[in-house]
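Peer 1: Below, each chain spelled out in residue letters.
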Amino acid sequence: GAGVSQTPSNKVTEKGKYVELRCDPISGHTALYWYRQSLGQGPEFLIYFQGTGAADDSGLPNDRFFAVRPEGSVSTLKIQRTERGDSAVYLCASSPDRDQPQHFGDGTRLSIL
Amino acid sequence: AQSVTQLGSHVSVSEGALVLLRCNYSSSVPPYLFWYVQYPNQGLQLLLKYTSAATLVKGINGFEAEFKKSETSFHLTKPSAHMSDAAEYFCAVVGGSGGSNYKLTFGKGTLLTVNP
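Going down the list, the sequences are from chains A and B.
Heads up: the first sequence runs through residues 1 to 113, numbered per the numbering used here.
Heads up: the second sequence runs through residues 1 to 116, numbered per the numbering used here.
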């Protein structure tokens, strides 16, 4: 079946702009996660959704980052006033429930010029 | 907080040689442990997982890992490397002392190159 889908695969924008990154999880998966992978590093946790609600947003670096999952399926990660340090690969994962293995999408490579 | 250490950011082996990628975790309470593989410009693919059943875990593509509580280790091995195994490998933990049961904590990764 279809895996986790992330769009766009690449996004290049200028410093200060607003960006939205989309994640379409595996159908039926109630848990959804966002991670950020900087160059040469492992992924770092950003936020976890159980259904429509953000159960843990402790990994969001600051208030420029926000994520929603209004209908409990697709999620959007939103970054305001982008900075060059936001450049990274943003990975989305989903799992049937929170204690099940996570399945990752191919990520969105975000470059801030 | 949980931490994961992967010894060796880069491992190079010859085709047909043994692959050994090292992973140590910090928790005094055994967590769940995972190995993921990442090919260029792709997401993470689960290779195998340890969830407190058998300590020797077999995964996909001929990989296996052994959980050793006394050494807080979960090293990944494959008897004979193939060219197609060239990729970056990440060890990750969830749970254990100081960890949630959903937030994956990753090591920094080990890049495996396979020489013909």
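Some hints could be false.
Said to hold, decoys possible - Once the Cα atoms are required to be at most 27 Å apart in a straight line, the calculated DSSO-like pairs of lysine-lysine come out as:
id, chain 1, residue 1, chain 2, residue 2
1, B, K69, B, K49
2, B, K49, B, K68
3, B, K108, A, K78
4, B, K108, B, K69
5, A, K78, A, K15
6, A, K11, B, K49
Unchecked claim - Residues from chain B that face chain A, not an exhaustive set, calculated with beta carbons under 7 Å:
id, residue
7, Y39
8, L44
9, S52
10, A53
11, K58
12, N61
13, A86
14, F90
15, Y102
16, G107
17, K108
18, L111
Simulated from the structure, these hints should not be mistaken for laboratory data.
Cβ coordinates follow ideal geometry from the N, Cα and C atoms, glycine included.
Peer 1: Is the hinted pair K49 of chain B and K68 of chain B satisfied, with a Cα-Cα distance of at most 27 Å?
Peer 2: holds, 14 Å
Peer 1: Would you check whether G107 of chain B satisfies its interface hint, that is, whether its CB is within less than 7 Å of any CB in chain A?
Peer 2: Constraint on G107 of chain B satisfied, holds at 5 Å.
Peer 1: Just to be careful: measuring from the Cβ of S52 of chain B to every Cβ in chain A, is the smallest value less than 7 Å?
Peer 2: The hint is violated - S52 of chain B has no Cβ within 7 Å of chain A, the shortest such distance being about 12 Å.
Peer 1: Does the CB of A86 of chain B sit less than 7 Å away from some CB of chain A?
Peer 2: violated, 17 Å
Peer 1: Using the nearest Cβ pair, does N61 of chain B come within less than 7 Å of chain A?
Peer 2: violated, 16 Å
Peer 1: Hold the hint about Y102 of chain B up to the distance rule: shortest CB distance to chain A must be less than 7 Å.
Peer 2: Nearest chain A Cβ about 4 Å off; hint holds.
Peer 1: Against chain A, run the beta carbon of A53 of chain B and see if the smallest gap drops under 7 Å.
Peer 2: violated, 14 Å
Peer 1: Mind checking the alpha carbons of K11 of chain A and K49 of chain B for me, to see if they're no more than 27 Å apart?
Peer 2: The hint is violated at about 33 Å.
Peer 1: Holds or violated: is there a CB of chain A closer than 7 Å to the CB of Y39 of chain B?
Peer 2: Status violated, d = 10 Å.
Peer 1: Go through the hint on L111 of chain B and say holds or violated, using the shortest Cβ distance to chain A against 7 Å.
Peer 2: Violated, because the Cβ-Cβ distance from L111 of chain B to chain A comes to roughly 10 Å (cut-off 7 Å).
Peer 1: Under the criterion of a CB-CB separation shorter than 7 Å, is L44 of chain B in contact with chain A as hinted?
Peer 2: With a closest approach of 4 Å, the L44 of chain B hint holds.
Peer 1: Does the CB of F90 of chain B sit less than 7 Å away from some CB of chain A?
Peer 2: Holds, because the Cβ-Cβ distance from F90 of chain B to chain A comes to roughly 5 Å (cut-off 7 Å).
Of the numbered hints listed earlier, those contradicted by the structure are 6, 7, 9, 10, 11, 12, 13, 18.
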